[in-house]
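Engineer: Letter by letter, the chains look like this.
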Amino acid sequence: MSPDMLFALLSKALWQTLQMVVAAGLIGSLIGLPIGVFLATSGKGELFPAPVSNRIIGAIVNAARSTPFIILVVAIIPFTRLVTGTSIGTYAAIVPLTVATIPFVARLAEAAIREVDKGLIEAARAMGATPLQIVFKVLLAEAKPGLTLALTLTLVSLVGYSAMVGAVGGGGLGDLGIRYGYQRFMPDVMLAVVVVLIVVVQAIQSAGDALARRFDKRNRKT
Amino acid sequence: MSIKVQTLPEAPYGAVSIPPEQPLSSPTSMVTFEAVTKRFGGADDKSQFTALDGIDLSVARGAITGIIGRSGAGKSTLIRLVNGLEKATSGRVVVDGVEVGGLSENGLRDLRRQVGMIFQHFNLLSSRTAFDNVALPLEIAGLDKQAIRAKVAPLIDLVGLGDKSDRYPAELSGGQKQRIGIARALATSPKLLLSDEATSALDPETTQSILALLKRINAELGLTVLLITHEMEVVKTIASDVAVIDRGKIVEAGRTFDVFTGAKHETTRSLLSAALGTNLPEWIRSNLKPQPSAGDRVLVRLIFFGATAFQPLTARLVTELGADVNILAGTIEEIAGEPYGSLVVAYPADPAVRERAERFYAATGLSTEVLGYVA
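Read top to bottom, the protein sequences are chains L and Y. Residues in the first sequence are numbered consecutively from 500, following this note's numbering. Residues in the second sequence are numbered consecutively from 6, following this note's numbering.
Careful, some of the hints might be misleading.
Residues from chain Y that face chain L, not an exhaustive set, calculated with beta carbons under 10 angstroms [claimed, not checked]:
no., residue
1, Leu90
2, Gln119
3, Leu129
4, Leu141
5, Ala192
6, Thr193
7, Arg361
Source of the hints: derived by calculation from the structure; they are not laboratory data. Built from N, CA and C at the ideal position, the CB exists for glycine as well.
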């Protein structure tokens, strides 16, 4: 394959991957984060005690997370069609990616929020804070480094998931690697795809780490 | 502090009618506990744990009151009832005329803005600077930026950390963190400060400086302070009143000096002997006999306080007895600002000597305790 053609294929695939990762990451986090907050604060004796809802939502999250992604993609085709009007293509692929991101973000956010020292919640309650004030001024503020790392992990996982949506014509780097690199026996394309993926993942991780470090004031030296 | 007796306010203008109900607000006490019981756990008796069992206590307005007890005695639960972080199972907790148990969530939040609290592990937000930590209660109360700035800066100066405003908690020492905790607790100008083992995570020197700060705040701002601790040292240094709690019950309470010098309950005594250094050295204790035999010496603990603390009684004792007196252990302390001394002496257990000694004690008002006999 000529370098020009390879470049054209790669840049198109990279653009599709970025579209899918960013859109699914953004929408999935916007929905997943509040669910994570709910899971972390609705247990018995917590800020918004609702143990029954907590268990039900927890069970749904677990179910969604244990469904293999490729099966999820196919299973929610009717829903995808309802949202985007089609079940194939990059935009259509964003739907199952988002659906898979929501429970993923929810559990990671829950874990990050549960890491916050319970003493801080007690101190805020002793100041007369409302439960919502505690969520915004204490929990989310203190969990910021952990949440940043959780979102980084989410984006990296999405890069991997996006390789599977070739099955519904989603395109992207993974799809390029499978169709050209594997099915057409073009190792140079495969290699190029892998290199680009490594660079993308590395960039996401480094940016996330740097951001988390900036938010984290816990290990400052005097 | 009065126990089981709530001081009634004097009737105004010679009114003769007695109010039908005991008034909640009292001019002398900031907090009263009335028959307060707190149980944790399930509905059946077996899984239940009684943390507090019939607490009657009143915390004097404007004073520093200490509640001391071993871990698990119920003191943490007790202090959390005051700002409603825990709810009493039965009985009443009244804070400045308001019954805490009867408050709605909103009412409870209003109360908490009038009651500051400091913690053993400081509980500062790691993501906020010292300044922003002190600002937090004001943000919660809905003050604007300018009002917050005007309030926070003087508080940080008050606790002596004016130059550390922009530092994060991780950049501060334990003592500095607690100072910020104190500034934060004072931000909403509370009338009562609750201290939950505030010095237990600090070294002795830092503990003293934090206690001095609390004492100064109590004096300058007229703030009532209720503190819980397991360290007698803390109570001895700053509390004018003390209550000793053991297994969910108040076993002794009163003015600190009275409780310390006249400790009746075994828990008080054991907490005390550690703090006052009145434990006998091991080599003496192991040789102590309950009954004298010929030629033995008697061990007596002399306790000096009040008037006897300032007289040269030991020197006179030697002259009066006309026998050898040796000093085996001793300590001179200050309890709630009053001197207190304890001296363990030994002299011949000869009846004539002992009789002269008894006469001397009676004449001078020295308080004594016979510990035993040694060969």
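Engineer: Please go over all the hints and tell whether each is borne out by the structure.
Structural biologist: Cross-check of the supplied hints:
no.: 1; hint: Leu90; result: 6 angstroms, holds
no.: 2; hint: Gln119; result: 9 angstroms, holds
no.: 3; hint: Leu129; result: 8 angstroms, holds
no.: 4; hint: Leu141; result: 7 angstroms, holds
no.: 5; hint: Ala192; result: 8 angstroms, holds
no.: 6; hint: Thr193; result: 7 angstroms, holds
no.: 7; hint: Arg361; result: 60 angstroms, violated
Hint 7 alone, counting from the list given before, is not met by this structure.
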